[in-house]
Amino acid sequence: NPYGTQRGRKGSSDARGPCTALSSASSPEMLRGKRVIVTGASSGIGEQMAYHLARMGAHVLVTARTEAKLQKVVERCRELGAASARFVSGSMEDTAFAEEVVKEAENTWGGLDMLILNHIGHSYFNYFDGDVDHIRKLLETNFLSYVAMTVTALPMLKESEGNIVVVSSVAGKAPGPFAAPYSATKFALDGFFSSLRHEFIIENVNVSITLCILGYIDTGKLNQETLTTWKAKIEDTFVN
1 NPYGTQRGRK GSSDARGPCT ALSSASSPEM LRGKRVIVTG ASSGIGEQMA
51 YHLARMGAHV LVTARTEAKL QKVVERCREL GAASARFVSG SMEDTAFAEE
101 VVKEAENTWG GLDMLILNHI GHSYFNYFDG DVDHIRKLLE TNFLSYVAMT
151 VTALPMLKES EGNIVVVSSV AGKAPGPFAA PYSATKFALD GFFSSLRHEF
201 IIENVNVSIT LCILGYIDTG KLNQETLTTW KAKIEDTFVN
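Heads up: the sequence shown at position 132 corresponds to 132 in UniProt numbering, and the numbers run straight through without jumps.
Since the hints were derived computationally from the structure, they do not count as laboratory data. There could be a bad hint or two in this list.
What the hints assert, rightly or not - With a Cα cut of at most 30 angstroms, we get these calculated DSS-like pairs of lysine-lysine:
hint : residue 1 : residue 2
1    : LYS103    : LYS137
2    : LYS69     : LYS137
3    : LYS158    : LYS103
4    : LYS72     : LYS137
5    : LYS69     : LYS103
6    : LYS137    : LYS173
7    : LYS158    : LYS173
8    : LYS72     : LYS103
Please take these sequences and the hints and turn them into a complete structure.
Following this line, the structure appears as structure tokens:
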């Protein structure tokens, strides 16, 4: 496998950054011409992964909500040397859209080598207020769309002996206060994809699953105002 040793029988949870994992597990020659979907790619981690793949000469399909941002990402990918770059914009709250993204890759490239799942929905960081609808919507975006894309992509990934990379969070390993809905979706990712990896071992499916367990990343998703709010709540609860 061109992306490393974490195949279905050797999949792992990875505490490194996704780009670091890609760099250390492969050479540019191994990624050149590979067909890759990157979700949540209009900013932050997803955007940087798209650029990293572009530098290595991969075919890149990026997706997120905001078309204008995706257009800029695609332009930059082409400048960096991507074999091809295109985008599909839409909301992952709709699992039909999630499936559509994978089908776009199939229609364009005739197959897929790597699926990088990185998108997240908007969530507040506060005491849980009992809003079940918020959890339901967050599960659609942060979990069910991941499952839908994986199911749709699996026939192609089995054929190419490809890779699934799931960008998750330490919040799905070590729960803390003020993020109950978000943390629940990340635990769901860990449970589902870790279980699926074991099934691949039993069935001898040669598709790798890598979970990237990240801590705090200084992107637009979590800003200084959020950190200040967390600090104030922690001090109010445990200190004062």
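How the hints compare with the structure:
no. : hint               : in the structure
1   : LYS103 with LYS137 : 23 angstroms, holds
2   : LYS69 with LYS137  : 23 angstroms, holds
3   : LYS158 with LYS103 : 15 angstroms, holds
4   : LYS72 with LYS137  : 28 angstroms, holds
5   : LYS69 with LYS103  : 22 angstroms, holds
6   : LYS137 with LYS173 : 21 angstroms, holds
7   : LYS158 with LYS173 : 28 angstroms, holds
8   : LYS72 with LYS103  : 23 angstroms, holds
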